[in-house]
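With the sequences and hints as input, model every part of the structure.
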Amino acid sequence: MAENDFRPLPLEGIRLIVQQLAVALQSLRSVGLTHCDIKLDNIMLVDHEKQPFRIKLIDFGLADVASSIPQGSVIQALSYRSPEVLLGLPLTEAVDMWSLGCVVGELHLGDRLFDGNNEYDMTHLRTAGDKLLDSLDDLLSAFRTKGCENPDLSLFVDMLKKMLDLDPATRITPAQLLQHGFLTNTEVGTTCEEPEVTASKKNGQSLQSQCEYTQHNQASQLKTGQKRKHDYKDDDPTCHDSKRPKIQSRIQALLKLKNLDPEICNVVQIHAAFFDRGYFCFVFEYLDKSLFDYMAENDFRPLPLEGIRLIVQQLAVALQSLRSVGLTHCDIKLDNIMLVDHEKQPFRIKLIDFGLADVASSIPQGSVIQALSYRSPEVLLGLPLTEAVDMWSLGCVVGELHLGDRLFDGNNEYDMMRSIVELLGQPPNRMLDAGIKTNQYFKKSLCPWNRSWKLKTHLRTAGDKLLDSLDDLLSAFRTKGCENPDLSLFVDMLKKMLDLDPATRITPAQLLQHGFLTNTE
Numbered sequence: 001m002a003e004n005d006f007r008p009l010p011l012e013g014i015r016l017i018v019q020q021l022a023v024a025l026q027s028l029r030s031v032g033l034t035h036c037d038i039k040l041d042n043i044m045l046v047d048h049e050k051q052p053f054r055i056k057l058i059d060f061g062l063a064d065v066a067s068s069i070p071q072g073s074v075i076q077a078l079s080y081r082s083p084e085v086l087l088g089l090p091l092t093e094a095v096d097m098w099s100l101g102c103v104v105g106e107l108h109l110g111d112r113l114f115d116g117n118n119e120y121d122m123t124h125l126r127t128a129g130d131k132l133l134d135s136l137d138d139l140l141s142a143f144r145t146k147g148c149e150n151p152d153l154s155l156f157v158d159m160l161k162k163m164l165d166l167d168p169a170t171r172i173t174p175a176q177l178l179q180h181g182f183l184t185n186t187e188v189g190t191t192c193e194e195p196e197v198t199a200s201k202k203n204g205q206s207l208q209s210q211c212e213y214t215q216h217n218q219a220s221q222l223k224t225g226q227k228r229k230h231d232y233k234d235d236d237p238t239c240h241d242s243k244r245p246k247i248q249s250r251i252q253a254l255l256k257l258k259n260l261d262p263e264i265c266n267v268v269q270i271h272a273a274f275f276d277r278g279y280f281c282f283v284f285e286y287l288d289k290s291l292f293d294y295m296a297e298n299d300f301r302p303l304p305l306e307g308i309r310l311i312v313q314q315l316a317v318a319l320q321s322l323r324s325v326g327l328t329h330c331d332i333k334l335d336n337i338m339l340v341d342h343e344k345q346p347f348r349i350k351l352i353d354f355g356l357a358d359v360a361s362s363i364p365q366g367s368v369i370q371a372l373s374y375r376s377p378e379v380l381l382g383l384p385l386t387e388a389v390d391m392w393s394l395g396c397v398v399g400e401l402h403l404g405d406r407l408f409d410g411n412n413e414y415d416m417m418r419s420i421v422e423l424l425g426q427p428p429n430r431m432l433d434a435g436i437k438t439n440q441y442f443k444k445s446l447c448p449w450n451r452s453w454k455l456k457t458h459l460r461t462a463g464d465k466l467l468d469s470l471d472d473l474l475s476a477f478r479t480k481g482c483e484n485p486d487l488s489l490f491v492d493m494l495k496k497m498l499d500l501d502p503a504t505r506i507t508p509a510q511l512l513q514h515g516f517l518t519n520t521e
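Numbering (full-length UniProt numbering), first residue to last: 1 to 521.
The set of hints was computed from the structure by calculation and includes no laboratory data.
Beta carbons: idealized from backbone N, C-alpha and C, even for Gly.
Among these hints, one or two may not hold up.
[Claimed, not checked] Capping the alpha-carbon separation at 20 angstroms, the derived lysine-lysine pairs in PhoX-like fashion look like this:
(1) 56 <-> 39
(2) 437 <-> 456
(3) 456 <-> 344
(4) 454 <-> 444
(5) 456 <-> 444
(6) 443 <-> 456
(7) 495 <-> 465
(8) 443 <-> 454
(9) 289 <-> 344
(10) 161 <-> 56
(11) 437 <-> 454
[What the hints assert, rightly or not] Quick list of the computed label-pair ranges, beta carbon to beta carbon:
(12) 492 <-> 297: 25 to 33 angstroms
(13) 49 <-> 341: 35 to 43 angstroms
(14) 136 <-> 509: 51 to 59 angstroms
(15) 119 <-> 296: 52 to 60 angstroms
(16) 184 <-> 111: 23 to 31 angstroms
So this is what it looks like as structure tokens:
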């Protein structure tokens with residue numbers, strides 16, 4: 001607009017822009033997100049020469065779940081600020097529609113509908129001579145004074161009125177906007193000559209949502225040489241109801257991560273989020289390789305204790321940071337721990353993939369989370385969950401790094417439970433009594449004087465198991481008649497991480513104080 005001296009856009013150009021932004025807002029709403037900062041600066045032309053008025057919405061720095069925004073919060077740029085924000089009312093997604101209405105008016109007039117230096121300026125009355133318009137109907141006056149009507153302009157003004165409805169409860173929604181006559185191009189025509197429009201209608205085609213999947217692409221920024229990883233998330237109408245909670249949960253988790261310093265907290269850095277052809281996309285920092293890939297490249301040779309110490313210390317900080325914002329990762333495994341740049345920073349890692357991240361207390365009892373080999377006893381038993389599930393998974397990772405093989409492995413949940421019992425013993429009876437899935441693995445004695453639980457099948461023989469107990473990790477040194485204090489501390493730490501009872505399992509804060517990490521005997 002500035003390059004063109006803020007000359008008003010033709011209605012056809014505005015139609016293309018509004019149609020795309022309506023799709024963007026509808027997509028945001030489908031995943032429970034509100035942008036909170038829609039303005040001209042945050043609407044980007046893709047390639048105006050090749051695709052006239054093809055746009056994308058950017059800058060999700062203020063994006064949030066509307067219902068979680070504290071009442072009285074100041075959001076939105078001043079000239080695009082909705083009445084409910086100015087009044088300090090509870091907020092809904094309708095704030096974005098108000099801002100979009102302000103954008104639309106600005107594109108049509110070449111000037112802001114509402115302007116001022118403070119919030120009071122945005123609300124107080126001025127005399128007619130000081131105002132751009134007395135009412136939105138003034139937008140029709142140019143045609144009416146010529147004694148003709150412009151149905152397209154009439155539809156435009158009607159749409160703008162609905163977008164700028166003072167009451168957010170009755171303000172037009174994105175879905176309703178997409179059905180409005182101005183966008184569907186019905187009843188369009190005029191008896192007066194209209195300026196020629198060069199933009200093609202196909203550039204405003206609807207961006208339809210499709211089935212949710214994840215695809216990682218590496219991109220290079222030619223000016224800086226910096227690499228980024230693009231994570232595409234999409235939501236299909238055919239599986240919309242089942243996929244929406246997962247996408248919404250991921251977005252809410254990423255919003256919480258905004259409060260963490262990615263360098264200090266050892267979590268992946270989010271560079272941007274945007275929509276592209278119906279996809280909700282995240283741009284993350286580019287990292288080296290996962291710990292799984294690193295182990296595979298080295299034939300799963302065990303890591304030295306010093307390398308494990310560096311990794312555990314960083315992940316303990318990551319879990320402590322997640323806990324500080326009320327978040328549980330729920331999917332810690334070798335694949336989701338990335339080396340930043342192993343050649344320059346050996347064993348500098350970051351935690352990635354928050355697709356299952358959630359507030360632990362809000363996860364429904366009996367939910368299946370965590371990869372099978374990293375699944376905690378409380379998840380297997382169907383108990384209420386806490387952040388301790390992440391510590392269990394981290395313990396499994398640590399054991400795998402030390403052995404070069406998984407501590408617990410199998411083809412199904414029963415195999416996993418049997419493997420856990422063989423190495424660590426049976427979970428306490430109070431856990432078994434409370435588990436809604438306990439009967440899948442255990443049977444209860446019918447003896448009235450001994451109502452104990454017993455695994456349904458026999459345990460495997462020693463030859464079929466990797467270890468009989470975690471103390472076996474010390475045996476190589478003990479058979480040589482010597483002790484390794486560092487290894488003893490390591491095994492002690494691992495036992496605390498793999499405590500069967502989540503209530504007594506070591507916490508991230510306690511882990512950071514453990515002798516293995518502080519390197520004290």
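task: Give me the numbers of the hints this structure contradicts, sorted from smallest to largest.
output: 3 and 10
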